[in-house]
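Student: Sequence:
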Amino acid sequence: MKEWIDEWYSLYQAVWELPLDNQVEVLENKTQELLMTWGSLDEALQQLKKKLKAENGPYAYQSQGTYLFDQGEFDQACLQLKQEQGEEKQEAVRCLYLGYALLYTNDFIGSEEYFRYVQFISNQPLILHLVYQGLGLVAMLQNKLELAIQYLEKAQPLAENHEVMYNLGVCYFTLENYTYAVTCFRRYAYVKDDSDGLYALGLALLQTGEIEEARAAFLEVIESVEQEGDLLAVAQLVEWIGEHELACYAYEHLMLLTGKTPRWLHGFAWNKALAGDKRAIHLLEELGQTDPEAKKSFEWIQATVK
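Okay, so the sequence shown: first residue is 1 according to the UniProt record's numbering, each after it adds one.
None of these hints come from the bench; they were simulated from the model. Just so you know, even glycine gets a beta-carbon here, dropped at the ideal spot from N, CA and C. Incorrect hints may appear among the rest.
Unchecked claim - Derived pair list, reagent style DMTMM-like, types lysine to aspartate or glutamate, alpha-carbon separation capped at 25 angstroms:
hint, residue 1, residue 2
1, Lys89, Glu113
2, Lys278, Glu245
3, Lys144, Asp107
4, Lys82, Asp107
To be verified - The following label-pair restraints were derived from C-beta to C-beta distances:
hint, residue 1, residue 2, range
5, Asn106, Gly276, 30 to 38 angstroms
6, Met255, Glu113, 47 to 55 angstroms
7, Thr105, Gln227, 25 to 33 angstroms
8, Asn143, Thr304, 34 to 42 angstroms
Put together the whole structure using the sequences plus the hints.
Tutor: Here it is, written out as C-alpha cells:
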C-alpha cells in the first residue's frame with residue numbers, strides 16, 4: 001500500500017499545475033492504473049511465502065533459489081531455481097517459485113508456462129490455488145481482465161486467501177463493474193480490517209453512489225494509517241473528490257502526528273473554507289502573510305465568494 005500511495009501522491013503533485021479539467025481526467029485514469037498494478041502484486045509475494053513456509057510435506061522446499069526469492073532478488077532467483085532440481089514431490093513447489101519469480105521480473109510468457117506446467121504435474125489444492133492466482137495476476141498485468149477473473153474464481157475455493165477477493169475487486173473496478181467490485185472489496189476489507197482494502201472499497205463505493213459508506217471507509221483509513229506521507233495522500237484524495245470535512249479530519253491527524261505546521265494549517269483552512277466555513281478564510285488570510293501558497297488559496301477563495 002505504501003508504494004501505491006507514494007506513487008499516487010507523486011502523480012497528484014505532478015498534475016497540480018494543470019487546468020482543473022485536465023487534473024481530474026488524468027487522476028481518474030491513473031488512479032485506476034495504480035490500483036490495478038499495486039493491488040495485483042502487493043500481497044501476492046507475501047501470500048506465496050507465508051503459505052509455502054507454513055506447510056510441511058509436499059509443500060516444503062528450501063534452497064538457494066528460494067532464499068534469493070525471499071530476499072526479493074528475483075532475477076538471480078530465476079537463474080538459480082532453473083538450475084535446481086527438487087525431489088519428485090517438491091518439483092511443483094520449485095516450479096511454482098519460479099513462476100512467481102518470472103512474474104516479478106515481468107517475464108509473463110515464462111511465468112505462464114511454469115504455472116501451466118505445475119497445473120499439469122500437481123493436484124494439491126494449495127498448489128493449484130497458487131497456480132490459478134499466479135495465472136490471474138499474469139492476465140491482470142496483461143490487461144486481460146475477463147481471463148483474470150476466470151482464473152481468480154478458480155483459485156478462490158481452493159484455499160483461504162482473502163487477497164484473491166481483493167484482486168477480483170481490482171478486475172471488476174477496472175472493468176467499471178463497480179457493484180461487483182464493492183462486493184469483493186467488502187469481503188476483503190471487513191475480514192482483513194486493513195487500510196488497503198478500505199481505501200479500495202471507498203473508491204468503489206464512490207462509483208456506486210454509496211457516499212455514506214465511502215465516507216466511513218475513508219474515515220477508517222485516516223484513523224488507521226500512521227505515516228505522514230500516507231495521511232497526506234489520503235487527505236489530498238478526499239479533497240479531490242470533494243469530501244472537505246474528511247480532508248480536514250486528515251489534516252487534524254497530521255497536526256497531531258507532527259505538529260501544527262504552516263502546511264497542515266493551510267490544508268486544514270483551505271478545506272474548511274471549501275466546506276463553507278467563513279472563519280477559515282480569515283485563517284487563510286493570516287497564513288498568507290508568510291506563505292505564498294496560502295496567499296494564493298486566500299485570493300482564490302475571495303474571488304470565488306464574490
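Student: Each of the hints needs a verdict: does it hold here or not?
Tutor: Quick rundown of the hints versus the structure:
1. With a C-alpha separation of about 19 angstroms, the suggested pairing of lysine 89 with glutamate 113 holds against the 25 angstroms cut-off.
2. Between lysine 278 and glutamate 245 the CA atoms are separated by roughly 14 angstroms; this keeps the pair inside 25 angstroms, and the hint holds.
3. A threshold of 25 angstroms between alpha carbons decides the hint, and for lysine 144 with aspartate 107 the separation of about 16 angstroms falls inside it, so the pair holds.
4. A threshold of 25 angstroms between alpha carbons decides the hint, and for lysine 82 with aspartate 107 the separation of about 14 angstroms falls inside it, so the pair holds.
5. Checked against the hint of 30 to 38 angstroms, the C-beta distance between asparagine 106 and glycine 276 comes to roughly 48 angstroms, which is inconsistent with it.
6. Methionine 255 and glutamate 113 have their C-beta atoms about 53 angstroms apart, which keeps the hinted 47 to 55 angstroms range intact.
7. Look at threonine 105 against glutamine 227: about 29 angstroms separates their beta carbons, and that is inside 25 to 33 angstroms.
8. For asparagine 143 paired with threonine 304, a C-beta distance near 40 angstroms keeps the hint of 34 to 42 angstroms intact.
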